[in-house]
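Take the sequences, apply the hints, and build the full model.
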Amino acid sequence: MKRLILAAAVLTFGVAVVAAQSALVRERAELMFDQGEIIYVMLNKMARGEIPYDQAKVDEAFAKLKEIAPKLAALYVETAKGQSPDADYYASDKVWQNKADFDARLAKLVKDINENAPKATSLDGMKQARTAIVQNCNDCHDVYRLKKN
Amino acid sequence: MARKLLIAVVLLALGGAAVFWFLTSPGTVAARALPPHSPNLDNGRTLFIAGGCASCHAASKDARTLLGGGVALRSPFGTFYAPNISPHATDGIGRWSEADFVTAMSKGTSPDGRHYYPAFPYPSYQRMTVADLRDLFAYLQTLPPVAGKARGHDLAFPFTIRRGLGLWKLSYLDGKPFQPDPAQSPQWNRGAYLVNGPSHCAECHSPRDALGGLVTAQRFAGGPNPEGEGWIPNITQKALAKWSPKDFEVLLETGELPKGDTVSGGMREVVRNTSQLSSEDRAAMAAYLKSLPPVEGPKPPQRAPSG
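Residue numbers (our numbering), protein chains in the order written: chain A, 1 to 149; chain B, 1001 to 1307.
These aren't lab readings, by the way, just hints derived from the structure by calculation. Even glycine gets a Cβ: it sits at the ideal position worked out from N, Cα and C. Incorrect hints may have been included.
To be verified - Computed spacing ranges between beta-carbons, pair by pair:
| # | chain 1 | residue 1 | chain 2 | residue 2 | range |
| --- | --- | --- | --- | --- | --- |
| 1 | B | Asp1174 | A | Thr79 | 48 to 54 angstroms |
| 2 | A | Ala20 | B | Phe1020 | 55 to 61 angstroms |
| 3 | A | Leu123 | B | Ala1063 | 32 to 38 angstroms |
Given below as structure tokens:
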């Protein structure tokens, strides 16, 4: 009877660990998507003139970027590789082969967001800020992001 | 009895070898087959950009006219290293004739009669007109000569036997240049020529079979990245029905996708080339790509989150 309980406990623990790792993969895919919605979609459309410039929305957008970016580094753990079922992209193994470089890029992203957010007080200021930040996204994706389908 | 058997086997082997040798003889284009032609260097430059030559043959992404070679192209057969195609007399193609270049691009044969590996995408380049190939050659000869031969390919046996490619070519090379479709507009035909010829889009955007040839039934329908990881997307209307021709144009000019994201990896390098084409050429490619009938591609594998 004791052995059965022990086996059940170990099994539950194992499942919990796996679930926790998948949760990490899902969360980072979601956070990346949220960042993308801001910088690739909304701010891009404003920059192109497809939607009207709205200072309140821009302030909110940069506040969200400042909130999301620092959370990313902790999610790229060695034990949580793999694809999120809901995302189109996933992290290449190169992330963990070149962890120092990858971490440095995330740090730079946080730094660039913090430095450039104050510039976004007008359409031109927002465009400048966006261009400075989005370079980080594109350069990192070039090396570390893979398409699923 | 054993002696007769041995003689029969030897004769059969010799006969087989002779047939193999005959079947795999490299195709060439003779100089006398080329009519008089004044090269158009502007056209040559356009083809150089559309063809993406610098992406494989220029060691530096920024010095795109220094074609000393050396860029690695990984594949399931090993790693290929693109050669020096600068006009250097000994290390590059400085001593090549026009016929040598036309032969290389359309038949995949070197001036000394050896087969090239189709990592060099001559199955696409064979669609180019002879006049265009000669313009491209003339343009290449104006670029700076670069000293130094690139290193040899890193392949495992039996892929080291170049002669065997002669058999491969019988299946995968048809020797036909591009045929315009009279029912379509000049713009569509220009796009079809660029996409299928110099820009060789299908070479990445189609699945390949075990022998490394393109699966024609699933042309443009995407497949595993032959260079290793990730997936190369389906670009037929099965996947891109929601895209307008303008979306294709914007992508070819800036790398931006309709949802605002940008392409990465190998496609980013492609955009470094297509962004330099004229907007008319990009519009032509867009018109053609938008017209691709929907084709179901292979299914990408699912990598479940691991622990």
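Now for the hints, and whether the structure bears them out:
no. : hint                                     : verdict
1   : B/Asp1174 - A/Thr79: 48 to 54 angstroms  : 50 angstroms, holds
2   : A/Ala20 - B/Phe1020: 55 to 61 angstroms  : 59 angstroms, holds
3   : A/Leu123 - B/Ala1063: 32 to 38 angstroms : 37 angstroms, holds
Going down the numbered hints, you'll see the structure goes against none, and every one checks out.
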